[in-house]
Amino acid sequence: MSETTDIPKHDVIIIGAGPAALSAAIYTTREDIDTLLFERAVPGGLAAVTDWVDNYPGFPEGIAGLELGTNLQKQAERFGAVIELGEVLKLHDEGKWKRLETTSGDMLAKAVLIATGSDYKKIGVPGEAEYYARGVHYCATCDGAFYRGKRLVVVGGGNSAIQEAMFLTRFASHIDLLVRSTIKASDVLQKDLQKFVDEGKVTVHLGVVTDEIVGEAGAVTKVVGTQDGKKIDFPTDGVFVFVGLKPNSEFLEGSGIELDHIHLIKTDENLQTNMPGVFVAGDIRSGATMQIASAAGEGATAALKIREYLEGHAHPIQN
Amino acid sequence: MVKNITIFTTTTCAYCPMVKKYLGAKGLSYDEVNLDTNPERQQEALAISGALTVPVTVITKQDDTQEVVVGYNLAKLAPAVA
Chain A
0 MSETTDIPKH DVIIIGAGPA ALSAAIYTTR EDIDTLLFER AVPGGLAAVT
50 DWVDNYPGFP EGIAGLELGT NLQKQAERFG AVIELGEVLK LHDEGKWKRL
100 ETTSGDMLAK AVLIATGSDY KKIGVPGEAE YYARGVHYCA TCDGAFYRGK
150 RLVVVGGGNS AIQEAMFLTR FASHIDLLVR STIKASDVLQ KDLQKFVDEG
200 KVTVHLGVVT DEIVGEAGAV TKVVGTQDGK KIDFPTDGVF VFVGLKPNSE
250 FLEGSGIELD HIHLIKTDEN LQTNMPGVFV AGDIRSGATM QIASAAGEGA
300 TAALKIREYL EGHAHPIQN
Chain L
0 MVKNITIFTT TTCAYCPMVK KYLGAKGLSY DEVNLDTNPE RQQEALAISG
50 ALTVPVTVIT KQDDTQEVVV GYNLAKLAPA VA
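Line order of the protein sequences matches chains A and L. Numbering of the first sequence is given in numbering that gives the first Met the number 0, commencing with residue 0 and proceeding in unit increments. Numbering of the second sequence is given in numbering that gives the first Met the number 0, commencing with residue 0 and proceeding in unit increments.
None of these hints come from the bench; they were simulated from the model. Careful, some of the hints might be misleading.
[Said to hold, decoys possible] Here are the computed lysine to any residue pairs in the SDA-like style, where the Cα-Cα straight-line distance is at most 25 Å:
#1 Lys20(L) <-> Asp50(A)
#2 Lys149(A) <-> Val69(L)
#3 Lys75(L) <-> Glu100(A)
#4 Lys25(L) <-> Glu66(A)
#5 Lys25(L) <-> Gly79(A)
Excised from the complex, chain L in its bound form (with noise of 0.2 Å):
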């Protein structure tokens, strides 16, 4: 079970909408962090994910582990979000 959902986007990515998407059709909330507006937590974004890029998406379970998703990859959030 899925306890939060953070997603950290920019503005001008294509991708980030998408999964914001995917999660509301899933009926799921998540928070959200643009990394433009609050461009201080580029670190924390970098060092969750490995990867300079976006969309990240950090998926926290009821037992307080964690799976990140990098990028708009069906394959991996959609079980992570199961």
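Just chain A, same shape as in the assembly (with noise of 0.2 Å):
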């Protein structure tokens, strides 16, 4: 047990500033409970690096993930929600007070929700290390830019690969999609690719590994793959990866807090963890299904969990 005195304490500590976090922060806040959000990136999380959202209810004409990321922010913060720029380092649980270990020095909450979400996923093939930032993206919306009027490869065949990949389309002269298996985009972001597939410029690859990352003289030049056994050349100037969801939980190693098989967060149906006040919403949570408005609505739920928790007995949900 530590020495608690002189260190700063709150009702809640909210890990990140994605869309769950955010609409927790909505619900705790607006019942005068004490919140402190860290978030080591962007308030809005992957939602906010995003360049168009189509299924978040009450926008029939979607909406930029930057602007709804900057809308959560705004919301919350009406309320007297304050975000901290920093990373938890570590947890620990202290009984009553869950201690945690920050960039800002170490912090005290009664209850603790995680929602640090997921960071898009590398390929980890030869070459991507080396050329990252110099022809090798992972937010379409902060370097698709760089490439008007040229040729991109884009790695992935899931929501994010084929959003991103009509939005470099905006830039780009051609895009090569290079799909592993098939495209598991939904079937509406399917249609939508048709037409730049229709129009010449979006050429879709299926079944192609990824081997290689080719450049010369400090930029990339063109990606290797292998189809049905023999390997192909992509020529290009840049790259986007965009093949899954790494969970950010690293910061959870030692703490005793229970992991699934791939390192998402296991809850009851509390979304409380095995560490008694501690919660999880959004896409780090074991069974979450990845999706904004579920990460919003899990986000809600997990603050009327943490309410009961503080109050220390089961309450009727209220309006």
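Combine both chains into one complex, guided by the hints.
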């Protein structure tokens, strides 16, 4: 047990500031529960670096990811949520208090909500690290503008890959979309993509395993892949990678909080972990559906469960 | 001491407003070069940063030395503007 007298204390510390975290903060702060959020990157999370969000309820024409993230942040801050820019390094159970080691020093919280989400996964092939930010990218809305009139390769076949490939057509002269098996994106996105295929802006290559990213004189020149056992070169000026998500749960190593086989956090029906007082919402939760709308819903649910926990007894859900 | 700050941004970059917000909170003024509206300055941003990405923040000190911070990286940005 550490000495806790001089350590800053909060009712709730939320780790992350994506849709799940900000939705939870809207609920906790509206009930005057002292709430601090820790965000190491950008409020809004991965949603904020997504070009366009078409499936979040309430926006019939869709909404830019950055705008959605900013709106969520403003709404939480309107009720008193405080977002601290920094990183939580470790989490310890000290009974009534949870102690968080952060880049701003130690902090204590009666309850903790982990809503750290995920980051884009890397492919793990030669050339990927070497050309990072100099031809290999993971954020189309950040880096796409450097590829006006140039050829691009996009790797991936899920919703993010298709959405961002379509976004990149506003800059690139042509995009080769390399999909390891088949396209897993939603039917709506696949229909949208077909328009760009028909216009000759995107060529889809199914069953291609990306083997290597090759460059010359410090610039990417091609991607080498394998299709049906044959090596194929895809000449390109840059590569954007969207091959799935990597859970941001490394900081829980040694904490005693139980993770599943892919390092997502296990919870009970109250979204609580095996460490009492520590709750989880959004993409980092084992069983999550990886949707912005469901992350927001889980954030609201977690906030109500945290209120019950803080009150020390079950509480009927109120408006 | 900081003499001036230039940030290379794009319209859709989510990390760019974070840099601007941080500098604003510190009371620091800056010039912004939006590469969507000024694409002719992309090579300048690349030459300075060595990276095809934004935000790129260029901090010029009183002695005209420069520090360049690529991305939203508070660990580098905070001491550079201190």
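Evaluated hints:
no. : hint                   : result
1   : Lys20(L) <-> Asp50(A)  : holds, 21 Å
2   : Lys149(A) <-> Val69(L) : holds, 23 Å
3   : Lys75(L) <-> Glu100(A) : holds, 21 Å
4   : Lys25(L) <-> Glu66(A)  : holds, 24 Å
5   : Lys25(L) <-> Gly79(A)  : holds, 21 Å
Figure legend: structure checked against the earlier numbered hints; every hint is met.
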